[in-house]
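Undergrad: Residue-level listing of the chains:
There are 2 protein chains.
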Amino acid sequence: MAQEPMNTDLMKSGLLKTTGAGVLREHDLGAEVQLAGWVARRRDHGGVIFIDLRDSTGFVQVVLNPEEAPAPEDVLHGLRIEYCVQVMGTVRQRPEGTVNPDLPTGAVEVVAQRLRVLSTSEPLPFPLDGRTDIDEGLRLQYRYLDMRRDRVSRNLRARSKAIRAMRNVMDEQGFLEVETPTLIASTPEGARDMLVPSRLRQGQFYALPQSPQLFKQLLMIGGVERYYQIARCYRDEDFRADRQVEFTQLDFEGAFWGQEEVLATIELVARRVVADLGHSIGPDPFVRMTYAEAMESYGSDKPDVRFDMKIVDLSEAFTDTDFKAFAGVLADGGSVRGINGGQLGLARAGLDALVSEAQDVGAKGLVWMVVEDDGSLRSPVAKFLSDTEQADIASGLSATPGDTLLIVADHTNTVLDVLGRMRLHVGQPDGHDELAFVFVVDFPVFEVGEDGALSPAHHPFTAPADLDALVHAPETAVSKAYDLVLNGSELGSGSVRIHDAAMQAKVFEVMGISDEDAEGRFGWFLEALRYGTPPHAGFALGVARFVSILQGEPNIREVIPFPKTQTGADPLTGSPSRVKKDQLEELGICVAPDVVAAWAEEADSDPPTTDT
Amino acid sequence: MAQEPMNTDLMKSGLLKTTGAGVLREHDLGAEVQLAGWVARRRDHGGVIFIDLRDSTGFVQVVLNPEEAPAPEDVLHGLRIEYCVQVMGTVRQRPEGTVNPDLPTGAVEVVAQRLRVLSTSEPLPFPLDGRTDIDEGLRLQYRYLDMRRDRVSRNLRARSKAIRAMRNVMDEQGFLEVETPTLIASTPEGARDMLVPSRLRQGQFYALPQSPQLFKQLLMIGGVERYYQIARCYRDEDFRADRQVEFTQLDFEGAFWGQEEVLATIELVARRVVADLGHSIGPDPFVRMTYAEAMESYGSDKPDVRFDMKIVDLSEAFTDTDFKAFAGVLADGGSVRGINGGQLGLARAGLDALVSEAQDVGAKGLVWMVVEDDGSLRSPVAKFLSDTEQADIASGLSATPGDTLLIVADHTNTVLDVLGRMRLHVGQPDGHDELAFVFVVDFPVFEVGEDGALSPAHHPFTAPADLDALVHAPETAVSKAYDLVLNGSELGSGSVRIHDAAMQAKVFEVMGISDEDAEGRFGWFLEALRYGTPPHAGFALGVARFVSILQGEPNIREVIPFPKTQTGADPLTGSPSRVKKDQLEELGICVAPDVVAAWAEEADSDPPTTDT
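Chains as they are written, first to last, in the working numbering: chain A, 27 to 638; chain B, 27 to 638.
Just chain A, with the same shape it has in the complex (with noise of 0.2 Å):
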């Protein structure tokens, strides 16, 4: 276990130990200690047995001679893994020969003159060598064991490190850590909200927030001019690979601050986690991107820059094509662009593959081209191309022999995001040995939906670039929000926020929010603005995401201590789970007659499980 030494001040205070395991070193040499923590391994060599003994700052060799009685013959005899154990003996060099350089103990061993069996341990459901691939629901079923193993006690470091950094930031900066309740209103919008019935007032429920949004607002219109806090968030739906149920984010905000120091302070904070997890980044300031460029270059609004392969419109080389599958895009107005794959070197069947991947993705189809060594295109559409055409193409994607030309002709939007998946599927590089950190700010008001409707795409609270702009054309307006983006993933979002009740009441408006409505929704916010609200933006940024990517983990799950299923169960404790009929009444409610009644349908199909 690479870790750094706890601090031993404490433990040498301590009953049972005076000494970490993997604090020991040449310099120990003679020392007496008293050790404690897990047999991790354990040999027998005619007679001798030797063990890995494990505790939170590494291991150490331990040699237990049977003829010097360090326990009865039976206790060392029957000693197994995971018994947790107390040694006391003496430091010494191992024998030459049998030194491990690759164990920072590895130059010695400590010979016990007494152990102890703290208490024993049942066999194992899974090894804890790190040698093993295990299924991830028996891991979360016995987290406490997973916790032993390597990896996930280094995640569970590295995270407490990167909230201590970001914290130390903060503190040095001068912002106040303030406590935002978790216990909040709910708003009829709440069809998000994860409910807490009240058992003081029956039939009156909390709402767990989804972020401390409307708090830290409250806090600016308060006169603390600089917030933070390491908040807990909820949201009981969209259990994709990388969420959870319950998520922590780092959430600060500054009153009389816009974007800049928004984002000067967010680098501040980034470049200290990265820098406090053993990571390095250069000096230049994070790229920036507008939502704009960022579509249109990389067709997504999390680019990953680690690699360019950047989408290029090749629409003007097919002005007046015969190909007719691309003049019919443009004829209705759609486009044509693609990306230079590269040198992929694939073979036929792995260039249908990527035809199968984009349409996967939703292409109808995809274009792909070889370069070969005389500058021609080997391609199933080249015949269909003009020599004109072929050749701007080549200069278009900036093509050399051998590299795969991808082309997709659509609707804009789709070219773009398909071409940005393919983008990521042949060019994203594996783990994160490099980290690409972008700023895309300039982001849309309004999403447009398919049928061309428009949804919000961000809190109603976030102020426009222009007020008249969104009035006049909102399917094009720009709101002051932006993005933290590390290699191709969101780590985290803020605005400025609007800080005029008369301008929050007009971008109600234009969302389509009603007085009425609006005055039911946020009230007693809108008359909190009234109050010399002070200009102020902010930002919130997802822990697991930021250091599970730091940590080289594919998925948040792993630097989570206590993480929950893709569907919100934990396998460990078992929640969520079904509660006496007693336990609600006392709360004022009740199971909804349809789900009784389902579970009635299973129980008749099934053996009972639960009682309820």
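These aren't lab readings, by the way, just hints derived from the structure by calculation. Do not take every clue at face value.
Identical copies look the same in the list; a pair holds intra-copy or inter-copy alike.
[Unchecked claim] No more than 20 Å apart at the CA atoms, straight line, and that leaves these computed lysine to aspartate or glutamate pairs for EDC-like:
{"#": "1", "residue 1": "328", "residue 2": "268"}
{"#": "2", "residue 1": "606", "residue 2": "620"}
{"#": "3", "residue 1": "350", "residue 2": "268"}
{"#": "4", "residue 1": "390", "residue 2": "334"}
{"#": "5", "residue 1": "350", "residue 2": "545"}
Following the hints, position chain B against chain A.
TA: Relative to the frame of chain A, chain B by itself:
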């Protein structure tokens, strides 16, 4: 506002301000500054307007001379209290005679070259000057204005600082910060759990944690030898003056630890918080007292040891008394005890009020005696007591002329409880200038009810001091549980935990929890105990109570950013509240029919107020 200046690095990068109002001093004379904040006061002196500009760093006086046109006349004369403004100006010396030595910025003022109103304010619901007592309901409804006041602002900063102090000690001592889940499994004992219906698993519920108890024990099993967390916890009941439906505690646990290591850590934490909040306490170790001693001498497990006034057992003096009230009590196995209330100087009415007070807290009666100058006792019962008895009382209570002695005869528990309360009533100092910390240790395993029934005094994972004693004499058995008490308030509690599955099973048995019941409630935890659980111990320290005592605040709501009322309501946002039926339907729950019926009845008599 007596606050430290903020770090101004980032403020300098701000668009709207270059420095804080409260940090300007004579060494800034001549500096051109850009300030932003709120109009705290406004005075019109012959056309020249003076405002006190307030921001999070404090106040400074700003001079607006209309002749120098810092803003159009109508803007200058339209300025109102709590308008949010930006001022560009020059720092200059205040004219002789107008220096204000009470204000940190009192030697200087800022002459405005320009003033801009960033946002206006409606007239306030209450003044912010701190000179008026304001109804707490109104303060909570406008908490964002309330926190512009010095009192709340100071308390929020103190709270933030206290939490940082706690974290600093934990970090220095090698504790790992780990976030435990807040959506956990409800247990059938969880009649007190707050529940959260799951949307994805209709009819199933998460529970909010009353503490991270089992998760922190799992972390110990998982090999995290030192865990801490500033944890949000929940309890929807028992709204006393000093409880909230959600609250925050410093939660920590150590493996291979016993009571001594935990108490040493708590003392480190408490001393750091005290120091960082600007208080001082002596170097002596915190007083330590057994539960039995605390009850016997102070009539409370939360002894306020800022003053002595111990309870004295006087029973022996009355072995052969003729005073029937005392004789009867002693014959019934009760006792006669007293305290020396000192120089109370009460007239007859005051003494009678003490008797009523004692009856209010459960005494059948209270005997008062005033020591006359000649050492004799003046008391309504004096005539029933022999000279020897009177002399024994006087010597037992170390009486000196002018002292008021208070005596109660009853069941011993009642006597101790009543005298403990009377002791606080007559002896407890106002305010918190002195800080008296006490560790109360050796708590009993069971509380004995009036009917003799035993109920566990702590959670069932608390280690008994002696398992045999627990089995054979449960009513007097002692557990390895301990509390930290400050000035008569419990700040937190903890214990050594059971780390052995067999002992845990035995303790469940003594507590009357059947195997089946234990399995249903804690099966997953009992299984975890079987995998090499280390000995461990921990503690939880309430943040709000500690900070409120250090800040001299009478209730914890004063140190909570957005507190709820004693009945769990938030007058600001209106939570908890009724929600729409379809919102509940999505969660697979409904409001219980009897609650809906009660609403209908209300609606018949009152106009309906909420759409349900």
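Undergrad: Would you mind marking each hint as holding or not holding in the structure?
TA: Evaluation of the provided hints:
1. 328 x 268: within (15 Å within a copy, 47 Å between copies)
2. 606 x 620: both (17 Å within a copy, 18 Å between copies)
3. 350 x 268: Classified as neither; 42 Å inside a copy, 77 Å across copies.
4. 390 x 334: neither (25 Å within a copy, 87 Å between copies)
5. 350 x 545: neither (55 Å within a copy, 71 Å between copies)
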